[in-house]
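Input sequences plus hints: build the corresponding full structure.
Top to bottom, those sequences are chains R and S. If you're matching positions, the first sequence starts at 0 in numbering that gives the first Met the number 0 and goes up one per residue. If you're matching positions, the second sequence starts at 0 in numbering that gives the first Met the number 0 and goes up one per residue.
In short, the hints are calculated from the structure, not lab data. Some hints here could point you the wrong way.
[What the hints assert, rightly or not] Pairwise CB distance ranges, derived in the manner of DEER restraints:
#1 I32(S) to D10(R): 48 to 58 Å
#2 A186(S) to L6(R): 31 to 41 Å
#3 Q16(S) to K61(R): 48 to 58 Å
#4 K110(S) to S26(R): 43 to 53 Å
Glycine residues also receive a C-beta, built at the ideal position from the N, C-alpha and C atoms.
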Amino acid sequence: MKKTMTLNLTDAEMQVLEELSAKKDLSKTALLRQALRLYQMVEVRLEKGDKLFFEDDKTKEKAEVMMLS
Amino acid sequence: MTATVTPIFLKNVASGQAINAELLDAVEQQQLIDWVMHWLPVRDKYLHALKTAQAPAAAWPQSAHWNWVSKVVQIQGLLAHRALCVVCENVTQGMMRIDVAGKRCRIASQKGLDLVYVDYLEIAPWNWEGPYFDPPRYRGVGTVLLRAAIETSLAEGFKGRIGLHSLPQSTIFYERCGLTNCGPDPASQWKLPYFEMTPENTQAFLGKGTRQ
Numbered sequence: 000m001k002k003t004m005t006l007n008l009t010d011a012e013m014q015v016l017e018e019l020s021a022k023k024d025l026s027k028t029a030l031l032r033q034a035l036r037l038y039q040m041v042e043v044r045l046e047k048g049d050k051l052f053f054e055d056d057k058t059k060e061k062a063e064v065m066m067l068s
Numbered sequence: 000m001t002a003t004v005t006p007i008f009l010k011n012v013a014s015g016q017a018i019n020a021e022l023l024d025a026v027e028q029q030q031l032i033d034w035v036m037h038w039l040p041v042r043d044k045y046l047h048a049l050k051t052a053q054a055p056a057a058a059w060p061q062s063a064h065w066n067w068v069s070k071v072v073q074i075q076g077l078l079a080h081r082a083l084c085v086v087c088e089n090v091t092q093g094m095m096r097i098d099v100a101g102k103r104c105r106i107a108s109q110k111g112l113d114l115v116y117v118d119y120l121e122i123a124p125w126n127w128e129g130p131y132f133d134p135p136r137y138r139g140v141g142t143v144l145l146r147a148a149i150e151t152s153l154a155e156g157f158k159g160r161i162g163l164h165s166l167p168q169s170t171i172f173y174e175r176c177g178l179t180n181c182g183p184d185p186a187s188q189w190k191l192p193y194f195e196m197t198p199e200n201t202q203a204f205l206g207k208g209t210r211q
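Structure (structure tokens):
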């Protein structure tokens, strides 16, 4: 069962949402649901003690994304 | 949470007739009980038959080491993952685990777009085909599950895009379903071939009612 909510965004936030939706070929709702899923996944992994990295595809250099709890 | 049940049909191989079955959008405790009580004894019987016959490595089921209890426990409570199953005559006939947020498309025409990634898809051992096994009981389980992955992709707004790494024994099935074989993935632990389905492939698959 799905529930409805109203979301208030700033102009800048809405602009990013629209740009990302267009880039990802998704509706705004679909994009926000994806964001929630990923946010939860990151949170669960961090709670388990994992670290989040971005890796440069060419150099394989890793940069840790600092998530403050 | 109560699973949503969708009526489907499978083919009873012995009678040649269509038989009523159900697609569930969850893998519940009963499925894990079925896996332990029904799947594992048949799987072990077949593994014993393969060993006795000194069957070549290619004949051994490549998913035989999968543990569905761990696969389901790993994703409990996670929005990004789901598990689905097919039940017929009160016994689980196949299970699938999917990831709806963690993977992106690789094919150039849709690179970077979201897809439904099939983590695991397995049918019950009595539905396996091969010279060392009894004749399969039901056909169509894998196709129903793959179709469910595509339907999930459509429902999520991903336009039917799905992706997966195939065990070598399953590549023919996925090719027949219309997925594009992108070749061995060097990043995959076992260099498994990576398959992807485009919206165009999806329409062809949904239109032709692919057989398993």
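In ascending order, which of the hints set out earlier in this document are inconsistent with the structure? Violated hint (a single one): 4; every other hint is consistent with the structure.
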